[in-house]
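**Student:** Please put together the full structure from these sequences, using the hints given.
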Amino acid sequence: MDYLALFISAVDPFLIAPYRWLGQPLAAWYLGTFILCIWATILTEITLAGAFYLNRKRLREVTTQTYEFHERSMNAKVAGDEKSFKAINRLANDAFGKTFFLQMAMGMASLWPAFLGAAWLQERFGEVVFFKLPGWLGGHELGFVAPYAVLYIVCRIIFTRLRTRIPGFKQLIERAGRT
Amino acid sequence: MRRNVWLITVLTLLLGLTGLVWAQAEKASDFASAGAPAKIKEAIEKSLADQGQAAKTKEVIKTDAEPGFLGLKGAPKQNLIVGLLWAVWVGWIFSTVGAFGGIMAGVGHITIFGLADYAKSFGKGHPLNTTITDSIRVSNQWLVGLSGIISSFNYYRMGRLVYPLGICLAIGGIGGSWLIPELTAGKISLSRYIGYFGIIVFIIGLFLIYELTPKGAAKKKAAKAAAAAFEKAVKDKADTAGQGVKVVEGSQIFMWIGVILAVASALWINLVSGSQWVAYILIIAALVLTIMIGQIKFTFFGVEFKFKAWIPMVGGFVIAAVASFLGVGGGFLYVPFLTSVAGLPMFLVAGTSALAVLVGMIASIFSYMVGKGVVISWGLIGAELVGIFIGSMIGPRTSKYIPDKVLKIIFIILAFYVGLRYTTKGFLGYSIVPPY
Numbered sequence: 001m002d003y004l005a006l007f008i009s010a011v012d013p014f015l016i017a018p019y020r021w022l023g024q025p026l027a028a029w030y031l032g033t034f035i036l037c038i039w040a041t042i043l044t045e046i047t048l049a050g051a052f053y054l055n056r057k058r059l060r061e062v063t064t065q066t067y068e069f070h071e072r073s074m075n076a077k078v079a080g081d082e083k084s085f086k087a088i089n090r091l092a093n094d095a096f097g098k099t100f101f102l103q104m105a106m107g108m109a110s111l112w113p114a115f116l117g118a119a120w121l122q123e124r125f126g127e128v129v130f131f132k133l134p135g136w137l138g139g140h141e142l143g144f145v146a147p148y149a150v151l152y153i154v155c156r157i158i159f160t161r162l163r164t165r166i167p168g169f170k171q172l173i174e175r176a177g178r179t
Numbered sequence: 001m002r003r004n005v006w007l008i009t010v011l012t013l014l015l016g017l018t019g020l021v022w023a024q025a026e027k028a029s030d031f032a033s034a035g036a037p038a039k040i041k042e043a044i045e046k047s048l049a050d051q052g053q054a055a056k057t058k059e060v061i062k063t064d065a066e067p068g069f070l071g072l073k074g075a076p077k078q079n080l081i082v083g084l085l086w087a088v089w090v091g092w093i094f095s096t097v098g099a100f101g102g103i104m105a106g107v108g109h110i111t112i113f114g115l116a117d118y119a120k121s122f123g124k125g126h127p128l129n130t131t132i133t134d135s136i137r138v139s140n141q142w143l144v145g146l147s148g149i150i151s152s153f154n155y156y157r158m159g160r161l162v163y164p165l166g167i168c169l170a171i172g173g174i175g176g177s178w179l180i181p182e183l184t185a186g187k188i189s190l191s192r193y194i195g196y197f198g199i200i201v202f203i204i205g206l207f208l209i210y211e212l213t214p215k216g217a218a219k220k221k222a223a224k225a226a227a228a229a230f231e232k233a234v235k236d237k238a239d240t241a242g243q244g245v246k247v248v249e250g251s252q253i254f255m256w257i258g259v260i261l262a263v264a265s266a267l268w269i270n271l272v273s274g275s276q277w278v279a280y281i282l283i284i285a286a287l288v289l290t291i292m293i294g295q296i297k298f299t300f301f302g303v304e305f306k307f308k309a310w311i312p313m314v315g316g317f318v319i320a321a322v323a324s325f326l327g328v329g330g331g332f333l334y335v336p337f338l339t340s341v342a343g344l345p346m347f348l349v350a351g352t353s354a355l356a357v358l359v360g361m362i363a364s365i366f367s368y369m370v371g372k373g374v375v376i377s378w379g380l381i382g383a384e385l386v387g388i389f390i391g392s393m394i395g396p397r398t399s400k401y402i403p404d405k406v407l408k409i410i411f412i413i414l415a416f417y418v419g420l421r422y423t424t425k426g427f428l429g430y431s432i433v434p435p436y
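In order, the protein sequence lines correspond to chains A and P. Each residue of the first sequence is one higher than the last, beginning at 1 in the numbering used here. Each residue of the second sequence is one higher than the last, beginning at 1 in the numbering used here.
These aren't lab readings, by the way, just hints derived from the structure by calculation. Some hints here could point you the wrong way.
[What the hints assert, rightly or not] To list a few chain P residues with every Cβ distance to chain A over 10 Å, as calculated: (1) ARG192; (2) LYS219; (3) VAL278; (4) SER377.
[What the hints assert, rightly or not] Stretch-level coverage of chain A by chain P, calculated; a stretch enters the list once three of its residues show a Cβ under 8 Å from a Cβ in chain P: (5) 13 to 24; (6) 93 to 101; (7) 155 to 169.
Even glycine gets a Cβ: it sits at the ideal position worked out from N, Cα and C.
**Tutor:** And the structure:
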């Protein structure tokens with residue numbers, strides 16, 4: 001069973017609706033895609049907040065350990081003990097590895113709405129050409145990914161600045177410790 | 001604020017240009033669905049022009065079957081449940097052990113989803129074999145490279161980026177990241193790819209084993225003793241004004257010109273058809289300028305650090321080349337390289353290497369997807385990200401029940417198993433460990 005195709009056909013009526021609000025095709029596409037980006041952003045923020053909240057204890061543990069080793073390595077450096085600095089720095093690396101990869105897994109995993117959005121756009125608008133680069137730049141034609149990526153990043157930036165003013169989101173972020 | 005806008009604009013333009021590959025509309029082929037990416041259709045057309053390859057194409061692709069991976073008829077369909085479960089495993093690894101998650105993600109793309117065996121069925125040198133191999137490589141890169149995007153902005157906000165170090169890494173990284181796709185995209189068969197993948201996994205396994213030897217364990221014990229000795233803060237540290245990064249020495253002009261030339265080389269090789277020698281001249285000029293920067297000195301925590309500019313440049317080049325070739329290995333290699341070879345503190349290296357991973361990822365993905373037209377399955381990566389998220393929630397809850405040493409032993413066994421299987425399958429044509 002092709003679950004991806006099932007998922008895409010299930011969300012299709014909901015996602016395509018905003019694309020039909022305007023008469024002008026290009027304007028309608030940008031409006032619909034911007035709204036898609038808003039949905040992806042909201043789901044991303046909820047996923048991230050949930051991740052940070054559920055893992056807050058573990059994050060605190062590994063981050064504290066990383067900072068502790070880092071401080072001690074710098075103390076050794078300041079005292080002129082190069083051998084101890086390198087040894088403790090290595091411990092700091094190990095501790096950092098756990099912090100980094102845990103945060104990385106949570107962070108990148110929260111991008112799932114953006115990628116599934118791209119999968120839906122591929123099905124709907126995969127063959128549409130938006131821009132064509134001039135000949136001296138290879139004459140390449142730009143598809144949906146370029147404007148989608150731009151709109152998504154803009155949406156994330158706007159949302160980051162406004163999220164504490166959105167009812168419910170402020171509390172969600174505070175509880176997750178992401179202020 | 002203005003710098004943020006610049007950075008975001010540049011990144012957005014580069015990311016956005018990955019859309020080039022999907023825009024070309026071509027007529028449908030008998031062997032792929034109408035919606036299949038143009039690159040797949042091109043590979044099919046190319047194979048049909050050669051008698052031997054055409055026979056293989058007709059043998060492997062079932063024209064009356066449903067489209068599967070990348071729109072190829074009869075290709076494995078992405079079993080999202082299996083993909084999700086494997087991704088949960090990957091997320092669990094990321095959040096417990098840390099490194100090795102990228103390797104597991106690569107194993108998923110190669111083996112779990114059946115893509116490798118399908119690519120191999122076309123035979124060595126077949127355009128579809130190399131196209132699917134390249135798709136696997138880039139899919140690996142997307143998953144691992146996304147870490148760079150998330151962490152870079154955080155570290156930048158925290159002031160933990162040493163920009164001269166980042167620039168030297170980036171110059172080398174950009175060079176390594178486009179040279180590899182330029183030299184290898186469309187030329188590496190699946191067998192060779194998994195062979196090299198297996199070798200890298202072996203090397204990682206050897207590093208893990210060293211840590212468990214008496215010598216490795218003794219080193220760690222001595223380091224912990226040293227850490228305990230330096231627990232108390234230095235008396236004057238609290239009011240040290242120079243706790244942030246301050247660059248004291250290093251030619252800024254050469255640095256900035258070098259990175260501009262490096263970026264120009266990547267853009268040229270991927271966008272301009274013809275006169276490719278210009279890109280090679282540009283990157284060589286960037287590398288030479290980096291050597292001419294000489295020594296870079298900066299202070300942090302009131303302490304002076306210095307490094308020769310060519311060291312991170314060479315390291316960035318090699319690491320980015322390996323990461324670009326295999327799709328794994330960038331993230332965890334930068335930090336030990338910079339702390340051991342350049343002698344820099346982890347605090348600064350962490351943030352700066354996240355930026356290097358990001359720059360390398362953008363350059364490499366841009367080169368593969370724009371320059372070479374490699375395609376990936378967005379839905380598959382989306383489903384994998386869901387699984388990684390779930391795994392990263394489970395990991396912290398199980399880590400307290402599994403000692404670090406036990407985790408390391410598990411991964412050493414896995415590393416040797418994966419390394420043995422892929423190396424032998426890749427270079428000998430058969431695996432010496434089951435499943436054969």
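**Student:** State for each hint whether it applies.
**Tutor:** Cross-check of the supplied hints:
1. Here P:ARG192 stays apart from chain A, with its beta-carbon at least about 29 Å from theirs, past the 10 Å limit.
2. At roughly 7 Å from the closest C-beta of chain A, the C-beta of P:LYS219 falls inside 10 Å, breaking its exclusion from the interface.
3. With a closest Cβ-Cβ approach of about 12 Å to chain A, P:VAL278 is found to remain outside the 10 Å limit, as its non-interface label requires.
4. Against the 10 Å criterion, P:SER377 falls within the reach of chain A, whose nearest CB is about 8 Å from its own CB.
5. Taking a C-beta to C-beta cut-off of 8 Å, the segment 13 to 24 of chain A contributes 0 residues in contact with chain P, too few for the three needed, and the coverage statement is violated.
6. Here the segment 93 to 101 of chain A counts 6 residues with a CB under 8 Å from a CB of chain P, which clears the bar of 3, and the coverage holds.
7. Residues of the segment 155 to 169 of chain A lying with their CB closer than 8 Å to a CB of chain P number 1, which falls below the three-residue condition for coverage.
Hint check: violations occur at hints 2, 4, 5 and 7; the rest are consistent with the structure.
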